[in-house]
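Chain by chain, the residues:
2 protein chains.
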Amino acid sequence: MSFRDTLVAPKLYAKADCGQIDSGMSLDLAAIRAAHARIRPYIKRTPVLTNDALDAARGAKLSFKCENLQAAGAFKSRGACNAVFSLTDGEAARGVVTHSSGNHAAALARAARLRGIAAHIVMPKGSPQSKVRNVESFGGLITFCEPGLNAREAACARIATETGAALVHPFDDLRVIAGQGTATVELLEEVPGLDIILCPVGGGGLLCGTAVAAKGLKPGIRVIGVEPALADDVAQSFRAGRRISIPTPATIADGLRTNSTGELNLPLIRQYVDDVVTVTEAGIIAAMRELWEKLHLVIEPSAAVPYAALLEHKLTFSGQNVGVILSGGNVDLESLPWLKR
Amino acid sequence: MSFRDTLVAPKLYAKADCGQIDSGMSLDLAAIRAAHARIRPYIKRTPVLTNDALDAARGAKLSFKCENLQAAGAFKSRGACNAVFSLTDGEAARGVVTHSSGNHAAALARAARLRGIAAHIVMPKGSPQSKVRNVESFGGLITFCEPGLNAREAACARIATETGAALVHPFDDLRVIAGQGTATVELLEEVPGLDIILCPVGGGGLLCGTAVAAKGLKPGIRVIGVEPALADDVAQSFRAGRRISIPTPATIADGLRTNSTGELNLPLIRQYVDDVVTVTEAGIIAAMRELWEKLHLVIEPSAAVPYAALLEHKLTFSGQNVGVILSGGNVDLESLPWLKR
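Residue numbers (our numbering), protein chains in the order written: chain A, 9 to 349; chain B, 9 to 349.
Some clues are possibly wrong.
Any copy, or any two copies together, can satisfy a pair, since identical chains are not distinguished.
Here are the simulated DSSO-like cross-link-like pairs (lysine-lysine), alpha carbons at most 30 Å apart as the crow flies [said to hold, decoys possible]: (1) Lys-302 with Lys-133; (2) Lys-322 with Lys-348; (3) Lys-133 with Lys-69; (4) Lys-52 with Lys-69; (5) Lys-139 with Lys-69; (6) Lys-139 with Lys-226; (7) Lys-52 with Lys-302; (8) Lys-302 with Lys-348.
Just so you know, these hints were derived from the structure itself, not from any lab.
Take the sequences, apply the hints, and build the full model.
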């Protein structure tokens, strides 16, 4: 692909965009290792689970990295902690700001509380009460805005101007991406024999971190992003070689309802990721149900997306060692998708 | 208590009832360590999880031993494997038999398959299809009988006579009790500072193993059994100093619906356990809901029983290090108790 030949090296992005990080940092394995050292006191080393019944059913050796058991219930704590603890004391004193109604918001609020600084969270009016309570439980300062990306970004920009708070984007931020990559460092430490890693894709923060970490540790490994077919902006963008926006997706995987990947993300995805495949809504629900029953884990729909690719035979994996990142576990227990059908 | 003074030493029970086990075995910490070495290739070392939000809510430092993540979804795999792999080759060749419709049946079928021997499982007619399928999935040979303990025991005895299969009782068996105690060896290796361990009580197999292991490793630790108030045979028996039978209990905690503890169990409970407390059905459901939401684990109602004792303030534990054994995760995902109310 000619696009890859002309790709700006990730290191240059890192230098350009991460001035506030240690000058030695760049988006390579070393940067992810530095992030790991930085955030280790604030995150959990989550377990990796295996399951004979699922291996037999899928004809592969599966290793599940349980980020649903991460602090605040999702891998997002890794990136948020890396961003917050990368700030200088002067920057940190002015707090952080983001727009998100989901796991990144709660993770950023938690990270900010751990550092003792303010977290301004812009959430659209009408966000689920459970998500509002979650952010509040970590002391996040919520500003409600009109729904829609424009209103959210405008509110964010206004708060940043008024307070001097540092923006911590949910995925289009190298500090965040480096933090997300630390899950894969742990996974490969525990299961060095992996042939493939499957990773859910929303904006692409987790996918970029996963791929940079995995290829840095084991160049021959395959890294596959899995996306709901209803939210296939990254799959489209990966193939087109340019960022493609789609209307706000209606997928059940609420953590993956982004309509465009980030400026920093697409070049990294194109350089380090082997493929991006898509799965159906029915596949996501079936995968979620099967993982709850067999793994005895509460995972959110987004976390079931990679396993859905195995269920729907979207990949060649027979007999291989497959790592599956279970991204989070924050789900409304009053409303389970298999009880609605 | 005069009962305790006249208690026959556990070692004598072991000698009397476990002739098929290594002659050096007795029901003390050494026996549990021997069981651990024996079963280690066949079970999982389950993770111990902590959760800041639950600690803050309960005012204690909680450590959850996740036996819902054990092979076949429950701690029962420990005792079943210890019993099956304690058999001589000659005994093993004739297979094993038990009566159970629950986790012990699946665990015994799995253990027998691992040893390459037959597992005869007596199940009452009308057992849930999910439980039947679970036993079948491990190759268990099911014999259906009329409901009721008498019919189950009669069918079991008939099969034992016809086949020579060794009976592996779900809880009234020192090999099983020793196996169940291995969860606590792992828990205290990981969290040596525990002050209390809370353990669900059905027939008392897990409670006995937990208590013998815990007191052997750390004499000053407190071990508390927690039982549904609707199934309080062990709480009653503990206080009376004799085995008290109750009508078949109707608790939602289906793993704890025993109506009497075992002959071997009560003396051990009286010697090693500090107290047995009871909890309400509403408390069990609330505990289950809270642990699903905050720990992101699928646990069955029985596994929520110890945490219900914290929710219902049945214990003095403020500021203490509390170990909580989450016993299993096999639950009907179509029918969750908080959605029925």
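Q: With 30 Å as the alpha-carbon cut-off, assign the pair Lys-133 and Lys-69 to within, between, both or neither.
A: neither (44 Å within a copy, 36 Å between copies)
Q) Quick one: Lys-322 to Lys-348, C-alpha cut-off 30 Å, is that within a copy, between copies, both, or neither? A) Answer is within: at 26 Å inside a copy they meet the 30 Å cutoff, but 37 Å across does not.
Q: Measure nothing new, just compare the shortest in-copy and cross-copy C-alpha distances for Lys-139 and Lys-226 to 30 Å and report within, between, both or neither.
A: neither (37 Å within a copy, 42 Å between copies)
Q. How do Lys-52 and Lys-302 come out at 30 Å by Cα distance, when the copy is not named: within, between, both, or neither?
A. both (23 Å within a copy, 15 Å between copies)
Q. From the Cα coordinates, with 30 Å as the cut-off, is the pair Lys-139 and Lys-69 best called within, between, both, or neither?
A. between (35 Å within a copy, 26 Å between copies)
Q: State whether the alpha carbon distance between Lys-302 and Lys-348 is at most 30 Å within one copy, between copies, both, or neither.
A: Both, since 21 Å and 23 Å are each at most 30 Å.
Q: Pop the pair Lys-302 and Lys-133 into one bin, within, between, both or neither, using alpha-carbon distances up to 30 Å.
A: between (37 Å within a copy, 25 Å between copies)
Q) Under a CA distance limit of 30 Å, which applies to Lys-52 and Lys-69: within one copy, between copies, both, or neither? A) Both: 24 Å inside a copy, 16 Å across copies.
Hint compliance for this structure: hints 3 and 6 are not met, and every other hint is.
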